[in-house]
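Those sequence lines, one after another, are chains A and B. Start counting the first sequence at 1; every next residue gets the next number (my numbering). Start counting the second sequence at 247; every next residue gets the next number (my numbering).
Some clues are possibly wrong.
Restricting the straight-line Cα-Cα distance to at most 25 Å, the calculated cross-link-like pairs of lysine-lysine (DSS-like) are [to be verified]:
1) K336/B <-> K442/B
2) K237/A <-> K770/B
3) K237/A <-> K169/A
4) K121/A <-> K336/B
5) K866/B <-> K192/A
In case anyone wonders, no lab produced these hints; they're calculated from the structure.
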Amino acid sequence: MTKRVDLTAGFWWALLLLFAVLVTDNFVIRLLLSLPLVFLLTGHTVLRAVKPVQTTELLEHLLFAAGASTAICVGGGFLLNTISMLNPVGWAMWFIAVNGVAALIALPQPFEPFVLPGLPKIRVWQALSFCAAVAITAGSYVLAAHVLDGYREFQYTELWLVPEPMRGKLVIGVRSSETEPDEYDIEVIADKTMIAAFRAIELGPGQQWVKEITVGLDQKRVEANLYRTRDHTLYRKVSAITPGAA
Amino acid sequence: MISKISAPVTYPFRALLAPIEPTLCTHQTDPVAPISFNWIALLSLSVAVGSLLVVLGHVAGLHNSTYAPAIFWPGVTLMLLPIIRIADVKVARSERILLLITVAEALLIQKILYEPTGFAEFDEMLHWMSAHDILHRHKLFLPNTLLPIAPYFPALEIVTTGLANLVGLTVFSAGNLALMVIRAIMIVGLFLFFEKLSGSTRLAAIAAVVYMCSATFPVFESMFAYETLGLAFCILIGLAELQINRSSVYTLRALFLPGVLLAALAVTHHVSSLWMAAYLIALMVIERFRRKEQSGTRLVRWLQIGVVILGVLFPLVWMASRSNQLVQYLVPMIDGALNSSYQKITGESLPRQMFVGEDGVAQPITIQLAAIGTTLLIVVGLSTGFFRSLCLSIETQVGGWRRLRWVLRREWLDSRIILLTLAGFGFPISVALRISSAGWEIGHRISTFVFIGVAFVIAVSIVHFWQARPNRWNRIVVNAALVLMVLGNVMLGWGYLAIHSPYKVSADLGSIEPLGIGTAQWTKDWLGPGQRFSADRVNRTLLATYGDQNIISGMQHIDISRAIFSKQIDSDALYPIRQGRIDYLLLDLRLTTDRAVLGEYYEKWEHSGGYPPSPGFMLKFDRDSNIGRIYDNGFIVIYNVSRLHD
Chain A
1 MTKRVDLTAG FWWALLLLFA VLVTDNFVIR LLLSLPLVFL LTGHTVLRAV KPVQTTELLE
61 HLLFAAGAST AICVGGGFLL NTISMLNPVG WAMWFIAVNG VAALIALPQP FEPFVLPGLP
121 KIRVWQALSF CAAVAITAGS YVLAAHVLDG YREFQYTELW LVPEPMRGKL VIGVRSSETE
181 PDEYDIEVIA DKTMIAAFRA IELGPGQQWV KEITVGLDQK RVEANLYRTR DHTLYRKVSA
241 ITPGAA
Chain B
247 MISKISAPVT YPFRALLAPI EPTLCTHQTD PVAPISFNWI ALLSLSVAVG SLLVVLGHVA
307 GLHNSTYAPA IFWPGVTLML LPIIRIADVK VARSERILLL ITVAEALLIQ KILYEPTGFA
367 EFDEMLHWMS AHDILHRHKL FLPNTLLPIA PYFPALEIVT TGLANLVGLT VFSAGNLALM
427 VIRAIMIVGL FLFFEKLSGS TRLAAIAAVV YMCSATFPVF ESMFAYETLG LAFCILIGLA
487 ELQINRSSVY TLRALFLPGV LLAALAVTHH VSSLWMAAYL IALMVIERFR RKEQSGTRLV
547 RWLQIGVVIL GVLFPLVWMA SRSNQLVQYL VPMIDGALNS SYQKITGESL PRQMFVGEDG
607 VAQPITIQLA AIGTTLLIVV GLSTGFFRSL CLSIETQVGG WRRLRWVLRR EWLDSRIILL
667 TLAGFGFPIS VALRISSAGW EIGHRISTFV FIGVAFVIAV SIVHFWQARP NRWNRIVVNA
727 ALVLMVLGNV MLGWGYLAIH SPYKVSADLG SIEPLGIGTA QWTKDWLGPG QRFSADRVNR
787 TLLATYGDQN IISGMQHIDI SRAIFSKQID SDALYPIRQG RIDYLLLDLR LTTDRAVLGE
847 YYEKWEHSGG YPPSPGFMLK FDRDSNIGRI YDNGFIVIYN VSRLHD
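Here chain B stands alone, though its shape is the one from the complex (with noise of 0.2 Å):
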């Protein structure tokens, strides 16, 4: 009786939370399918021809050609078609596997294709200044001015160096050859990761896609930085793990593969062997608490302990033994966060303005209508992928909400996906820290590794939500809601600055060009390598690759933006290259022209107000008969200070 007057009382309740609720489909997941080379031939000549069409794009932004972005975003979309293929219901597996490296590969080329002769996004440039000296060297752990973390996690720039040592490459050539096998070992080893943990080939194609949603994809994870190999790296070791605990034949040689990797992950980047450390605590912790039986031995249960150790010891030898420069790179940007995101709760600062550059310019509407809708899309796929994937390893054939029970009661079969689920609190959290000005570095990189749960709970939704009953219809609103995801994030990571355009003040690749390329040369040629030089945040770049100098900056605590900003050359002007021991000035006269693009000139805590130094202040040098002017370029000015210290 009460149920039959509670049904239409609770049928809205349940009609609500129906999309939340963790039933999964019952139909078969993976129907089989033989490989197409006819989708794959269409498809990569697809990816071809919207390179060309990037170029062009490229081409047209350079000459500031206002259809520059109708050329280079349908490239883009072009190179992003195979999605379509992947995400479907009934393809090869091992088409699928083709098909994501092609996709993965486009957009690795898309980002070459911006400098296809050398290196230009600022973190590139810090590696490929250790890159290049170990190659010349021939000595590792030689200081690097401009990261002095850098050489104590030497490991992209020692393969990439003993690539280059074999071929007789540059280091440009060497590091992208590099780049382009670690983007192939990280896009299958996620496949693999996904396929292992679901048991279904089209759920972790469409969640290795989704990854490609991940902020740091498009452009920080196809960088020549530490990070790139760190997290190909992070991804094999969680496989390895997997596979220990999936193999039916154990020995202690298990242990070997994770730990060898382990160990190399130690020495390529902090920040992901400290994740990695953390991913194996919270597993072996989840596992813990585990109720049902397990399903290996006693070996493997050790087995895994071993792997936890060796992933926890590894990093924390290799810091303490090598890296005190860590605490003083980490801490302060950690402070940052920390400091800002109270401020923030305690309403003492104001947001960081979304869509809005450090120099006041908002981002077109198209790339704020891509970044909301990309947003809002994850969110959906969140929302109707949470419960499902939390229940994705239980053993009942019940539906609804009492499949919860299981999970309540602790009895999930596989830890790892408890885990990958629970991760995907990370995404709100990322988006959190996005929104404030300190917090917004470790929210941009917290992404790449809280992102692998995020693309699998997505996934799950997919596969068990929206097309639980394949059809026509959401075949098509999937594919393209996946293309448009995936596109939206490579317009919201690149910014206005994907396509090429004139010289802006202060952009790292936006203002790296032939002018400033050719004065850090100079340097090279007429004063030699290894001087002690200062500069803006650009052209420091450039002069320390370029021109091989030593960098005198922020890292080694010396403020030149105090002897920029002041109007006369006083004591304070005198002080960092006093200080410093600076021996020559560069001065980019074309700062004077504009707000920096990314907030700065020189660091980031200068007095500059974001506004641009007045070409008298830069000019100061002239008037004293100390110093030598001797450089000119009509642009860029070089002075020689070292009489001002000796």
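If we strip away everything but chain A, and leave its shape as in the complex, we get (with noise of 0.2 Å):
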């Protein structure tokens, strides 16, 4: 670049990313702006600035830019812990703060040229191979979690019984997680007297039912027993302890 565009670019890129953070969610968009502003633009802008080491070649400069890009960040968000500023926007003024200070320092400076190596000759075939190869990456990426994310090596139906903050109050849930549906009988037990039962509760998978059960100040010991209706089999149990008899 002949021309001083890389001393100001961080500043101005870290302005439109306070911009996209106050207006958008896209997470596109503001991974493009947050992405080459944290790991490599501010440090570049910086190390402009400041001259510490002769680089030989392009690439070691570019390596030292994101090692100082990375470790800015770090120092910014000492900065922003301090001041409570640990948002979105507080980072993005952290980069423009980082990016013009340091844009400020250079421009005054007598210019040396960043010159950037033009773009290597690609045959077509190249350029389809890498993005095969791109696709399929992304593609092994997207199977994994598919079949690795909704793998289920446990069938299993959930029962919980919790106090609710309310006194003499119980939430009592079940949750299938099971492979196919099922139907349930709930019972509850209180001091060996059945004070509630649910009967015919139909649950697909990933299905939850949720009951809330008054059971007084006085009871101290709530049992609540899961039944698969077809056997009535026990298939779950618990218990709580009310929270007035506390």
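Two chains, two frames, a set of hints: combine them into the complex.
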């Protein structure tokens, strides 16, 4: 670059990022603006301003810029924590400040052109191969996320009995993570007396059933038994101490 | 006359010692070549197809298919194929660099593909918890009950949450993006460091490939953990220090870059910053020994001293001001390793059985062979490269053992080469430490740093001995050996847990599956975050991350295993519950089904004898009327034990 574009690029980029943070939740736009700023541009601008080392080639400069950028980001975290601004706007402001100050220092100095290499000549089939490689890798990731995340080794049904903050009340819940829909019965017992029963609760995989029950203030220990309707076997058992009894 | 007689006598000795003598090849080490996009395109496709096979291998593994390794490992091999081009003789520099980044990222992708939607390694969960806290509570230094030292070294979490804040990503996505950038910085930095030292692009590329044989590279340095960023900073600092030494124009500004990087390193990872300080001090000491005329000015020497001072000052100041916990964290680890080593030397303890897990299960024979093969190749490389590397920076055309005289006269040109070569001795030490149970962790971790030296020495041996006169055969053999070394290291690093398999007891990433995650999420939804929970090793990481719960464990000096491994709810069982004021106890009944893969269910010091707790012991809490069994899914039960200490 023969002009001083690269010295101010970080500042304008950071301003754009602040704008994006304020007006959009589109993660692609915000990613395209954030990634270069966090890991490269800030370090590049600062190194161009301070000129700490004589880099002999572009790769070395980019590497140091990436390292410096990451280190500056770490420093920013400490500062933003001090002023309670560890949030998107705080981060965008930090990058504006660093890039702005660095650009102000760099601009009055004798200008050293920053030369970017030209684009290499790539044949169509080579470009297509790269695209195919990226597509296959991305596809592998999507496949892994879909298959591995969706795989359920254990099939189970959850039963819970949780005291409500309101005294004398309990929340009873059932959630199915089975492979097939099933029907359940629930019996709630307090001091060997059944105080509630819920019959033929039908739940498909992923479905949940929740009920609030009043057990009074003097109850001490409440138990809930979950039976499978088809064979009436005891499937799950939970218990709780009523809050009122504390 | 004497020489005529002695020549036939000494010949066998000379022939025997020839492979290790410090003669360097006089040929041009870096033949010039144009970049070949054909190769890059083909090898990119190879990596991509490899990644697909890796996923298919995981799918097969989950279904317990015996074909899983036959699909998975060829996939990993395809991902490593670019090595044959990186290490080849006539390759353009830019091509080597592109392919190096490709392989390094491929190994990271291989790890990500294991668990594509969440972190699964134990250490990752510890840092995930800290990052999650920073992202959602917008503050640093929040307590981390799983790793109390972590909040005081928050650099990786800061970078990750900064990105997550700006983009609107989760910690997992932002963390993986950060890891990819850090991985690229690390491998390119390493390449440039080796290249500047040796003056050879080929040697540097081979050394960077050999570094991938470090015990920590496949798993540990791919983790979302503070050492990953710490290592990248260390390499950049080494490069910046080298740059100061090689630069022709010096000002005090030169201290800026190493200063910024050293400051960042000090708050990134304690051990990395101490290693860096040790490296800089050792370098200064060796430099003082050097007899050769100083190449730079007095200012350069002062700048280098300045770097050393900063390298020592920053970590010490940070540790002194913030992290008293460091002593509590590191001292028991070092103490354990020293005790274990002492017991080994005095014959008081049996050595750790090689290739046999804590659960008594032996690694598959392929992994054992790969590990032995990789270690042997490293030893051969070190033996043939040590003296060559030691004499790499002496200014003489003399060949043979006489070159050592220059080293003995301390007339080397670059002290870094001497230091890196001597660091090669760390390899046998790290292997020896890994044989003992307590020393395993330290031996494993020091390989991260000593392998920088090992990689350099082996690369010197390849360029100046094995391929001193490159031909078709030695090119094939060396390339194949490098692929096998990295593959063997990946196999050894991951072990049989490399491929997804059905649930295993207490196996960290081998135990993490939707049931455990769902239970942890249930606790957050129905009990609320921040409850005082205790659980086994695996479930407490899930509770802390997915459940956002406050974990009470050995880190808080509470040994909940006392409550689990006792038959009755007696005073011994009640002690940890009362002492730790534990409100909820999560019991995973799957623990009763098998021996712990990692040898512990709850804590290292538990009285399990390596055998699972009895279901009766775990379910004894049902018998106490003051305890509520509030959750049951058939595998995991949660008890409300708050009344036991109220």
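Verification of the hints:
1. Pair hint K336/B plus K442/B holds up; C-alpha atoms about 19 Å apart against a cutoff of 25 Å.
2. At roughly 21 Å between alpha-carbon atoms, K237/A and K770/B fall within 25 Å of each other, so this suggested pair holds.
3. With a C-alpha separation of about 18 Å, the suggested pairing of K237/A with K169/A holds against the 25 Å cut-off.
4. Proximity of K121/A to K336/B is assessed by CA-CA distance (about 20 Å); at most 25 Å being required, the pair is judged to hold.
5. Under the criterion of a C-alpha separation no larger than 25 Å, the hint pairing K866/B with K192/A is consistent with the structure, at around 20 Å.
Of the numbered hints stated above, none is contradicted by the structure.
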